[in-house]
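The listed protein sequences derive, respectively, from chains A, F, R and V.
As numbered in this note's numbering, residues 7 to 346 make up the first sequence, in order.
As numbered in this note's numbering, residues 7 to 346 make up the second sequence, in order.
As numbered in this note's numbering, residues 7 to 346 make up the third sequence, in order.
As numbered in this note's numbering, residues 7 to 346 make up the fourth sequence, in order.
If you're looking for bench data, these hints aren't it; they were derived computationally from the structure.
This one's a predicted model, so the numbers in the text were calculated from it and none came from an experiment.
Where hints are given, some of them may not hold.
If several chains are the same, the list does not tell them apart, and a pair holds so long as it fits within one copy or across any two.
[To be verified] Using 30 Å as the maximum straight-line C-alpha spacing, the simulated DSBU-like pairs for lysine-lysine come out as follows:
| # | residue 1 | residue 2 |
| --- | --- | --- |
| 1 | Lys-44 | Lys-274 |
| 2 | Lys-44 | Lys-193 |
| 3 | Lys-274 | Lys-261 |
Number of protein chains: 4
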Amino acid sequence: MIQAGLIGATGYTGEELLYLLLRHPEIEVTALSAMVDKPVSMAELFPRVSGLTSLTCSLMELGDVASCCDIVFLALPHTVSLTIAPFFLARGKKVVDLSADFRLRDTALYREYYGVNHTQESLLEKAVYGLPEFHRDEIRTATLVANPGCYPTSVILGAGPLVKGGLLGDGPLIASAITGITGAGRKAALPFHFSEASGDLRAYRLLNHQHTPEIVQELGRLGDAPVRLIFVPHIAPLDRGILTTLYVPVAPSVKERELIALYESCYKNEPFVRVLGGDRLPRVKEVCSTNICEIAVRLDAANHVAVVVAAIDNLIKGASGQALQNCNIMCGLNETTGLM
Amino acid sequence: MIQAGLIGATGYTGEELLYLLLRHPEIEVTALSAMVDKPVSMAELFPRVSGLTSLTCSLMELGDVASCCDIVFLALPHTVSLTIAPFFLARGKKVVDLSADFRLRDTALYREYYGVNHTQESLLEKAVYGLPEFHRDEIRTATLVANPGCYPTSVILGAGPLVKGGLLGDGPLIASAITGITGAGRKAALPFHFSEASGDLRAYRLLNHQHTPEIVQELGRLGDAPVRLIFVPHIAPLDRGILTTLYVPVAPSVKERELIALYESCYKNEPFVRVLGGDRLPRVKEVCSTNICEIAVRLDAANHVAVVVAAIDNLIKGASGQALQNCNIMCGLNETTGLM
Amino acid sequence: MIQAGLIGATGYTGEELLYLLLRHPEIEVTALSAMVDKPVSMAELFPRVSGLTSLTCSLMELGDVASCCDIVFLALPHTVSLTIAPFFLARGKKVVDLSADFRLRDTALYREYYGVNHTQESLLEKAVYGLPEFHRDEIRTATLVANPGCYPTSVILGAGPLVKGGLLGDGPLIASAITGITGAGRKAALPFHFSEASGDLRAYRLLNHQHTPEIVQELGRLGDAPVRLIFVPHIAPLDRGILTTLYVPVAPSVKERELIALYESCYKNEPFVRVLGGDRLPRVKEVCSTNICEIAVRLDAANHVAVVVAAIDNLIKGASGQALQNCNIMCGLNETTGLM
Amino acid sequence: MIQAGLIGATGYTGEELLYLLLRHPEIEVTALSAMVDKPVSMAELFPRVSGLTSLTCSLMELGDVASCCDIVFLALPHTVSLTIAPFFLARGKKVVDLSADFRLRDTALYREYYGVNHTQESLLEKAVYGLPEFHRDEIRTATLVANPGCYPTSVILGAGPLVKGGLLGDGPLIASAITGITGAGRKAALPFHFSEASGDLRAYRLLNHQHTPEIVQELGRLGDAPVRLIFVPHIAPLDRGILTTLYVPVAPSVKERELIALYESCYKNEPFVRVLGGDRLPRVKEVCSTNICEIAVRLDAANHVAVVVAAIDNLIKGASGQALQNCNIMCGLNETTGLM
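Work out the full structure, taking the sequences as your base and the hints as a guide.
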């Protein structure tokens with residue numbers, strides 16, 4: 007059994023990850039830590055794990071966590087992982103960090119979008135971006151995985167085949183995404199009050215969302231060339247899920263059937279990406295509570311623009327499910343264990 | 007034009023009341039006050055009043071409010087009205103208080119349910135309970151109206167005809183009510199976060215909700231005899247509206263058609279109560295954004311229990327609409343003006 | 007491996023049951039039948055089973071189903087099971103019927119509520135009511151299990167301890183229940199159109215819902231005495247879940263702590279019933295997508311009425327999960343396999 | 007009093023229009039017709055008009071409608087208006103057609119997108135496209151107004167200032183829109199069943215929605231030059247409202263403050279368009295149940311793309327409210343009467 011610790015167990019991401027870990031046949035959860043005043047029973051905090059565990063969560067010493075874990079998941083607010091990840095790495099533990107702290111290679115961008123100086127530049131070089139569909143081999147040997155953001159997961163899976171295939175045409179890639187409200191985290195705030203959010207649709211952080219540089223960096227690496235991106239996230243009244251529609255300029259010679267063949271080929275061995283055929287289009291409801299990303303691609307032939315639609319569950323493929331997928335790979339387990 | 011002031015203008019109730027007042031042809035809003043750091047434009051705070059007003063809301067001196075108003079609406083948290091209402095009454099102003107501060111005649115119950123001593127016992131004697139369907143004549147001459155709570159409005163309108171008609175049988179009256187989430191007020195709190203409330207149903211304050219003594223008092227007055235009540239409120243994932251189902255023991259001799267005739271007769275001249283005939287049952291959606299209460303009554307003849315279903319919009323007939331209805335009556339205006 | 011067939015695989019109940027069966031480690035789904043024009047891939051019909059199965063569903067001959075199954079689940083409209091169940095029973099197959107066809111022992115009531123004559127009276131005697139918490143031993147040896155209705159499951163689990171414990175006082179038991187909209191089945195109908203149902207609350211089939219006689223029969227058997235029931239179901243805008251609040255007259259001598267102790271004792275070994283302690287009250291969100299029933303009990307001591315709140319997922323503990331639980335028991339498997 | 011008839015009174019659009027007309031101080035509704043088996047009371051069909059009207063709706067002879075109306079609103083399925091509008095126009099009546107039948111000037115496109123031949127080409131020349139913000143003068147003297155589609159209203163109001171101002175750069179205009187579910191009309195269909203639509207997000211009619219040629223035509227006329235458009239509509243789980251995000255290539259020299267100034271100037275006298283300043287972005291909730299369109303514009307200076315967000319209520323500014331606005335203009339009334 008792999009022994010796993012989870013730090014930051016009381017948010018939506020932590021809850022979802024705990025729920026996945028507890029049902030994983032080859033992983034044992036041996037440490038749960040969070041900023042709590044006193045130990046809390048996880049079964050009381052999150053009743054759906056009742057019957058699965060009698061574990062409590064407390065504010066643990068890092069050393070106590072390290073002493074009983076092979077791998078540690080950090081489900082912490084951005085900037086906190088910076089100070090904690092090194093501790094575990096120094097003691098030979100594997101780390102999957104669900105925050106943004108080890109995603110951006112350019113520390114100036116990190117400072118610009120997250121408001122603090124990056125204090126662990128040396129670790130950035132060791133960190134592997136944990137999108138298995140494009141970086142599986144690196145993840146296999148990684149000790150520090152930077153788990154992708156929810157929007158970046160949907161955008162990179164959606165645009166990746168075009169970028170990697172060298173099919174980008176002129177002009178910026180446009181990503182228009184819609185998210186459910188768990189994306190905002192498990193804390194009370196008026197904009198996410200039911201009476202404010204129900205019956206509402208709105209755009210937010212228009213043109214300056216913190217996931218923008220992460221997407222630009224990763225698509226740039228995939229295509230080995232700079233990518234221009236316009237990213238606008240929207241909020242809709244549902245609990246969980248992201249639907250991202252991409253408008254990608256492509257070379258004029260490309261045919262729609264070539265695009266579809268490219269996507270099918272790119273993802274044909276991927277257990278968690280489902281390229282839809284025929285008339286079907288992705289639906290959030292179909293991927294909710296799963297680690298699946300549904301994708302469909304169409305061509306606007308007159309304008310030479312590929313339209314790609316991708317759907318994920320923001321808490322699973324967009325966070326905790328992908329973290330577990332990375333853990334499976336890092337630990338030499340079957341990649342899909344605990345995720346079907 | 008009647009000149010009206012509104013104190014506590016920034017909550018859901020205040021917003022709704024302002025929206026109603028601004029479209030009222032014979033009322034002019036002359037003062038808006040709330041606990042704000044600096045003056046805020048109402049059009050910015052509540053965009054749906056844009057175009058209707060350029061008023062700002064600020065933390066006003068009470069004297070400044072009094073100097074420009076004939077009537078003052080208090081949409082304040084419970085216990086705050088206690089200290090403010092006397093000021094306006096002393097200056098000859100009419101007051102409609104939307105809080106619970108002048109509803110309970112028994113100050114011991116007030117202390118038990120609201121946690122503070124009642125400091126204005128003398129005013130309690132002058133306060134009129136503002137349910138026009140049963141107290142219209144008193145409201146006409148009142149200077150202080152205690153606007154009913156949302157649940158009590160639905161329960162008293164639902165059970166009133168039976169109680170007043172002397173048809174109560176043995177055993178407690180059971181009120182099982184379901185509310186939308188604006189009932190919790192316009193403030194961030196985790197239980198009302200969209201991701202917590204959507205897809206959820208729950209009971210709360212089971213057997214000890216603060217509206218219980220208000221209902222018991224008012225039904226007792228209507229029937230001139232003590233009433234026993236079991237009241238359980240529930241929360242469902244919708245924005246606004248209350249659906250209350252009452253289970254009322256009745257005398258064994260009563261027939262269903264007599265019950266229906268009683269309700270039709272009791273409410274036949276009421277502009278805001280709609281007794282449904284045939285197979286129709288009340289729906290929250292049909293009363294939403296209106297001052298209407300829909301009611302249907304059925305008899306379980308084997309058990310001698312009348313089942314009454316009542317639907318209202320908690321923010322309108324359950325709060326702001328009823329406040330305006332009371333204002334219309336107090337000021338000698340047509341009762342329905344601004345409410346159709 | 008147990009070989010299982012599912013007839014009526016294309017509704018919400020069938021979908022949920024298929025999803026559970028496909029992940030069950032000791033059951034193999036060998037036949038899927040429904041009224042379809044041509045064979046349909048289940049992965050296409052219900053994308054969330056993609057990756058779990060390549061099975062298709064077609065309109066199969068009953069003999070073909072029988073030839074490859076040990077147990078058959080009937081997720082069919084009421085009255086259809088009557089003609090199909092005997093076929094499988096005659097061939098020595100076990101049957102779990104999710105319809106109401108074998109629940110009511112009084113065929114006159116069946117005719118009254120379901121509109122057809124019961125043609126299989128002899129099978130009624132063999133049928134076992136599939137609520138494991140109260141009939142586990144009979145289910146173990148049953149060949150035909152009548153899987154309980156969704157509302158009856160919540161009401162009987164909620165009131166069962168009081169009834170069985172002989173604590174019922176005078177007067178009818180009142181069950182006020184709220185359901186999500188999957189309860190209406192997977193077929194288009196205007197009342198369940200999103201735009202009609204969202205933002206709405208309503209009661210329906212007031213005093214004449216078809217689950218009433220089922221509850222009365224089963225509670226009567228548990229207590230060995232007739233039970234009087236007033237049952238009013240309500241609809242709220244959520245996908246799935248039932249919250250039932252029961253108002254049960256109890257003997258005047260009963261104390262609240264005795265009630266709580268009774269419930270805890272009654273369910274202490276039940277894997278799927280969670281009696282909540284302290285201040286906690288059941289929430290639909292906590293039982294959603296699980297086979298759990300959450301229950302809390304309180305006493306209105308002044309009125310001698312126990313108030314019991316019970317929450318289930320209508321599609322799981324209220325239908326498919328309970329069907330699988332029954333199957334596990336009938337087949338000698340661990341009762342919780344595939345349900346945690 | 008203007009006498010108005012409404013044909014097709016039983017859909018969501020008809021209901022909303024009736025509700026607006028009944029409260030209009032200078033319009034009297036004199037005829038209500040729809041494909042109903044027998045006359046139905048509007049108060050029974052749509053309870054929120056109870057108290058406002060005792061009118062019934064029946065399948066009326068066109069002549070009877072004509073004999074009592076000055077203006078007729080056609081809230082009919084596409085292709086039906088073709089055969090009905092000429093009747094009223096021949097009798098000197100004004101017509102506001104809410105269908106698409108008189109919007110497209112190119113009958114080949116009409117046949118392509120609506121599947122039938124256009125039989126009234128001569129009327130097409132008389133028809134005026136009813137978007138008052140850009141065609142007020144023509145509407146004033148029109149006898150036949152083609153009321154715009156819901157998506158086109160949001161897209162044209164959003165992009166109009168850029169197009170008319172000659173600021174379009176190279177490349178297609180991208181319109182990514184999200185709608186609530188009333189957009190699908192008031193008829194039962196499985197995709198709009200609450201249990202299918204709640205918790206879901208999806209794109210539909212990707213690249214071939216029937217509103218595409220309408221937008222292209224109208225923007226082309228505004229700018230006097232062909233416009234290229236990529237339009238993708240999405241569905242989210244809310245009752246009503248459209249949020250449209252436009253990605254519009256602009257000339258490289260344009261500054262963001264110029265864009266904002268252009269929008270403010272373009273709409274400064276428009277009673278129903280609200281250009282948001284500062285950090286504010288449009289919210290569907292703020293325009294719901296109003297005839298308002300909220301708009302914000304930003305510039306992605308690096309990519310020379312203007313991002314415009316527009317929000318409307320699809321049933322009001324996107325249909326019935328705009329129809330009434332057109333009626334007010336055609337009849338010489340104040341344009342905002344009955345719409346504030």
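Practice item. Up to 30 Å between alpha-carbons, please classify Lys-274 paired with Lys-261: within, between, both or neither. Key: within (20 Å within a copy, 45 Å between copies)
Practice item. Up to 30 Å between alpha-carbons, please classify Lys-44 paired with Lys-274: within, between, both or neither. Key: between (48 Å within a copy, 28 Å between copies)
Exercise for review: Please work out whether the CA atoms of Lys-44 and Lys-193 approach to 30 Å or closer within one copy, between two copies, in both situations, or in neither?
Suggested key: both (19 Å within a copy, 27 Å between copies)
Consistency note: the structure conflicts with none of the earlier hints.
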